[in-house]
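Keeping the supplied structure of chain R fixed, place chain U upon it in accordance with the hints.
Just so you know, the sequences run in chain order R and U. By my numbering, the letter at position 139 of the first sequence is numbered 139, and the numbering carries on one by one without gaps. Going from the second sequence to my numbering is simple: count from 1 and add 1000.
Be aware that a few hints might be false.
Unchecked claim - Listed below are several chain U residues computed to face chain R (Cβ distance under 8 Å; list not exhaustive): (1) C1047; (2) Y1116; (3) M1119; (4) R1162; (5) F1165.
Said to hold, decoys possible - Chain R is faced by these chain U residues, among others (derived, beta-carbon under 10 Å): (6) P1124; (7) V1168; (8) E1189.
What the hints assert, rightly or not - Mimicking BS3-like on lysine-lysine, the simulated pairs with C-alpha atoms at most 25 Å apart in a straight line are: (9) R:K511 - U:K1084; (10) R:K45 - U:K1016; (11) R:K45 - U:K1181; (12) U:K1042 - R:K236; (13) U:K1084 - R:K534; (14) R:K557 - R:K537; (15) R:K211 - R:K236; (16) U:K1084 - R:K537; (17) R:K512 - U:K1084; (18) U:K1181 - R:K515; (19) R:K569 - R:K534; (20) R:K45 - R:K349; (21) R:K236 - U:K1016; (22) R:K349 - U:K1042; (23) R:K349 - R:K319; (24) R:K534 - R:K512; (25) R:K349 - R:K13; (26) R:K557 - R:K511; (27) R:K13 - U:K1181; (28) U:K1181 - R:K349; (29) R:K569 - R:K537.
These are computed hints drawn from the structure, not numbers from a lab. Please read all numbers here as calculations on a predicted model, not as lab measurements. Virtual Cβ for every residue (Gly too), placed ideally from N, Cα, C.
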Amino acid sequence: MAQDKDPVLRHPKDPAALLDVIRDVQAAAGHVSDEAVGRIAAHLKLAEAEVRGAVTFYHFFSLAPRGRSTVYLNDSITSRMMGRTAVARAFEDEAGCRFGEVSADGAIGLFPTSCIGMNDQEPSAIVDGTVFTALTPDKARAIIRGLRAGTPARDQVAAFGDGANQSDLVRSMVVNNIRRRGPVLFGAHETGAALRQAVAMTPEQVIDEVKRSGLLGRGGAGFPTGLKWEFCRREKAAQHYVVCNADEGEPGTFKDRVILTELPRLLFEGMAVAGYAVGARTGILYLRSEYAYLRDHLEAVLAGLRKDGLLGRSAAGLKGFDFDIVIKSGAGAYVCGEESALLESAEGKRGEPRDRPPFPVSSGYQGLPTTVNNVETLATAARILAGGAAWFKALGTTQSAGTKLLSVSGDCARPGVYEVEYGLTVADLLEMAGGAGAKAVQVGGPSGTCVAPAGFGRRICFSDLATGGSVIVFGPRRDIFEIVENFMDFFVEESCGWCVPCRAGNVLLRKKFGKIARGLGTAEDLREIEAWGKLVKSTSRCGLGQTSPNPILTTMKSFPELYEARIRKGEAFVSEFDLATAIRDGCAAAGREPECKESLHD
Amino acid sequence: MTEIRFTIDGRACLAKPGQTIVEAAKANGVYIPVLCHYEGLKPAGSCRICTVRVAGRYMAACTQPVTEGMAVENTAPDLEDMRKSLIEMLFAEGNHLCPSCEKSGNCELQALAYRYRMMVPRFPYLWPVRTVEAGTPLVMLDRNRCVQCLRCVRGVRARDGRKIFASVRRGARVAIEIDRKLAARLSEEEARRAMDICPVGAILRKGTGFAKPIGKRRFDRTPIGADIEKGIGR
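Next comes chain R alone, as it looks inside the complex (with noise of 0.2 Å):
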């Protein structure tokens, strides 16, 4: 076998390469097997269990095989109201076996799968690495039988979204759904601007300027972004990164989606400006496994900007400003999405977040100086260089300066992307997007804010309801203990599992929240699980553990007569035992049918 053909040995030697690798066996025989899993480890030097640990990690790799096709039907909650539940039954029957299975001949595989960014046109999946969004049962079906067919997955997408949807590099029927733009992100821009204006100017003056502006982390945690870019430049090292984080994971979110197929020049730019600020030479874009279709497009573009000059040797033509960008698949996991995890990730590893200190801005990717920093934020970035702190600062409100891109979805007449000012509130943006009469707006996703119709004059900005970009509206008719019960699967699936309140805690919740959903809690329970939510909260290593508990706490808060509805009143104590299933259960492990016989006895 020529060694270029093999997918293990075309890599270096190298344990960095341990993702790539696996992705690449993945890909050509549909799983890992135990004969490639040691002979990943003989190539890489690594205990074939370290191998076992990094396949068995990620969502979109396995041990076993997944089927010669693969369908990832996505789970989350929009998903579920748009119908998913019909189009899921309908891929059984047609596939022959259950999520979660792969068929009797081995040719489909079928898989829930988190939100894969596309919560503005659910029901969608990713199937063998092609999106389809607002599956019907009817197109379920026709997908299964063209598979069996033999039509592969990307030749089954007939009609092709908006924008560079078409491009041939895209080819997808994802749509942009751009409802607003605003003045920041879509606001006219000329591609190299913002990286001129930059290189005319010392780093310290750049950084100065993007601290001026007041540009907080568009991700969600809201650093300001210009003192993390001191904060790293001022490190001492032989060498420094800047590090795109495009894993927004959080289920709702989608705007980063749409910046990098709409604005990957804008996001590109941001990141040499960053890079110049830092005093890097890579930038590494950590692109989510559910957003691979637009990889060549992105490599397109950064090819372009090599050509025109703004990438690589002299960058925008500064002598000795060598900068410029890799990209790096992640595998299907949440917790990506937390930058230290994400680096973890880009290193080859298993994405778990690291402890802190100390931060990635001091010891980051491959232990050097690091700024990671969100698309959105950097994109911004690029439009204050070009723009002035002082225009962009006059936009938002005090401490909130700019506007931020929304991705709403659910019950809403027009789901899509906003670019709004900071300082809008809940009712504006329900205007905006036609969502009237909603009885509850998710903000900022699972780990952000329920919030009632008593609080949508609250605002989204930093100081009030701050968020990533997560956007769900819930009619009227939707039940808000589905909706908790979905999002504490998803935190329960999306642990990492490395420390004990967060990998033991939220199974407790989830288990305390659903004996409250079934009418058996007390009051004592209620009492109890916010104590528990504060533990898992308080103790947890990183962001995952440190919201995880808020669907079911802010859902508390937000709706107290739902839960006062639900429990015992009254009573200090409900047994959870259930004769009848306890008798059934022992019949089932026992084997054998309850034979009624009238007693003796009585």
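The following block gives chain U in isolation, referenced to the frame of chain R:
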């Protein structure tokens, strides 16, 4: 070297630059309970039992370096209750069989439960189905008793540097896997170290289970942390 001044529960303490809160506390005769931490290994911050509070913020004392003027809260009742609940979570999350466990009396999880006077976990048992791996010559791995402290992952390596233990899967299904090929080449001494490094009875040396009788084991008479509080650990 300049010393850092800080306090634990109001008591004045001194630390060396770079020392973590746990290390510095120990040097000052103050016990902060740890389970996943093992002297000489890079801290993992996985059990969170060492959680302390500084200026209203919770942090893992095993990974957090001491800074000048830091006021550490260590024994506030609500903090101690959080620690107790984390210990209880570990009991509820796994299948712990203290009365028949070879490690009983030498087990740090059990010792912490004694120290925190745990009677019954406040959480429902989750009764996970976990597997036992006994396919290697010198050690067995019982995942029922594993607390995911990652001490074995961090501290046990083959002579060429490869990890013998590694994490597989994630979330509540995360588990420790032993690399069969590498474990087959463990020496007697390395196998003993693997067992000693495990705070619970998840890694056991085959053939020597009950070498020391119950009653004469490490925590049978002396509570965990007592050595530090008496100043022996200094």
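Given hint K13 of chain R paired with K349 of chain R - CA-CA distance at most 25 Å: Roughly 15 Å between the alpha carbons, so the hint for K349 of chain R and K13 of chain R holds.
25 Å Cα cutoff - pair K349 of chain R, K319 of chain R: The hint is violated at about 36 Å.
Restraint status (C-alpha distance of K511 of chain R to K1084 of chain U at most 25 Å): holds, 20 Å
Holds or violated: K45 of chain R to K349 of chain R, with C-alpha atoms at most 25 Å apart: holds, 14 Å
Cut-off 8 Å, beta-carbon criterion: hint that C1047 of chain U touches chain R: Hint on C1047 of chain U: holds, closest Cβ of chain R at ~5 Å, below 8 Å.
Given pair status - K534 of chain R, K569 of chain R, alpha carbons within 25 Å: This hinted pair holds, its Cα atoms lying about 24 Å apart.
Pair hint K569 of chain R and K537 of chain R, alpha-carbon separation not exceeding 25 Å: Violated, at roughly 28 Å.
Pair hint K1181 of chain U and K349 of chain R, alpha-carbon separation not exceeding 25 Å: holds, 21 Å
Hinted contact M1119 of chain U with chain R - closest CB pair below 8 Å: violated, 17 Å
Interface hint status, E1189 of chain U versus chain R (Cβ within 10 Å): Interface hint status for E1189 of chain U: violated (20 Å vs cutoff 10 Å).
Pair hint K557 of chain R and K511 of chain R, alpha-carbon separation not exceeding 25 Å: Holds: K557 of chain R and K511 of chain R sit about 19 Å apart, inside 25 Å.
Satisfaction of hint between K1042 of chain U and K349 of chain R, Cα-Cα up to 25 Å: holds, 17 Å
When held up to the earlier numbered hints, the structure conflicts with 2, 3, 8, 10, 18, 23 and 29 and fits the remainder.
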